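According to this note's numbering, the stretch in the sequence shown is residues 1 to 339, in order.
Since the hints were made in silico from the structure, they are not lab data. Please read all numbers here as calculations on a predicted model, not as lab measurements. Among the hints, a few may not be true.
Computed cross-link-like contacts, DSSO-like style, restricted to lysine-lysine with a CA-CA straight-line distance of at most 30 Å [unchecked claim]:
no.	residue 1	residue 2
1	K303	K181
2	K40	K181
3	K303	K101
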Amino acid sequence: MPQTVTYRQALHDTLRAELLRDDDVLLIGEEIGVFEGSYKITAGLLDEFGPRRIRDTPICEEGFTGAAVGAAMLGLRPVVEIMTINFSLLAIDQIINHAAKMHAMFGGQVSVPMVIRTPGGGGQQLAATHSQNLEVFYAHVPGLKVLAPSTPADAKGLLASAVRDDDPVIFLENLALYNTKGEVPDGDHTVPIGTAAVTKPGRDVTIVAYSRAAVIALDVARRLEEEGISAEVVDLRSLRPLDRPTVCASVRRTGRAIVLEDDWLSYGIGAEIAATVQEGAFDHLDAPVRRVAAAEVPLPYAKSLERAALPDAAALTRTVHDVLEATGFPLEPLPSERG
């Protein structure tokens with residue numbers, strides 16, 4: 001029977017379940033043991049599984065990520081917690097030059113079954129160096145799989161799939177989602193890597209998003225129903241591999257596409273989606289693909305400036321209206337505007 005839990009609890013429960021399921025799974029990272037993790041995802045796991053499988057490390061991202069690569073090559077399944085995606089830059093050589101390439105460089109004789117969990121995103125007043133969305137760095141690299149779930153159910157299902165996968169997986173958690181709640185299937189639950197979800201069907205416009213932005217997109221789509229606008233929401237969930245068929249099939253149905261993302265606009269996931277639609281659904285488009293993304297600045301600390309820099313529901317709603325009006329869609333007045 002489904003249970004309603006937070007995103008944070010879904011992650012914790014999944015890690016515990018995978019530790020119980022497979023003795024080769026271990027966790028490694030800064031302060032994940034005694035301190036139970038910066039965001040308490042690993043609460044209680046040291047007491048239950050001991051220091052051999054819950055490995056606290058010094059502040060040395062390159063060192064413990066490299067140790068996990070070696071452990072994975074020898075047959076273990078390490079789950080690395082990097083305190084914030086911003087610190088993953090210190091381990092990027094181990095991630096991109098080693099974890100991602102070992103399988104190909106050794107002619108398929110070696111696999112690197114490891115997961116790197118790390119939170120990111122803005123909106124928490126953590127300033128420019130602690131509020132970044134660096135997913136495109138990793139989604140750019142062949143050999144890595146990159147996941148970004150938006151709901152507790154997908155957090156559980158995708159994390160379980162990631163731990164069991166034989167390739168290195170970057171598992172992205174947005175800080176703003178940890179306390180969000182949702183129904184999670186009971187028992188063993190996996191979500192196939194590389195599959196997007198149509199979280200709301202619609203006929204007039206497709207909104208493509210992921211992670212925190214997918215939550216905003218779904219909320220906006222439901223509000224647009226009050227205006228007679230039927231928006232379809234595609235939650236990517238997996239950034240690499242990317243479920244291009246689901247994106248293109250949706251755009252072929254609606255004829256319009258908008259991408260919402262927390263990352264900067266230039267060279268981002270939104271650009272990849274726009275190219276995907278261009279290649280796979282161009283003949284069905286009634287309007288150019290539009291992108292809604294963060295302002296191209298280091299994210300400010302000041303709350304008002306941070307809010308202004310991040311994309312929000314209002315910006316997405318305006319863009320939906322713009323696209324529909326440009327294509328002659330008969331927008332109806334809001335209920336409050338009707339006589």
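These are the hints, each one checked on the structure:
1. K303 with K181: Within the cut-off at roughly 25 Å; holds.
2. K40 with K181: Holds, at about 16 Å.
3. K303 with K101: With Cα atoms ~40 Å apart, K303 and K101 exceed 30 Å; violated.
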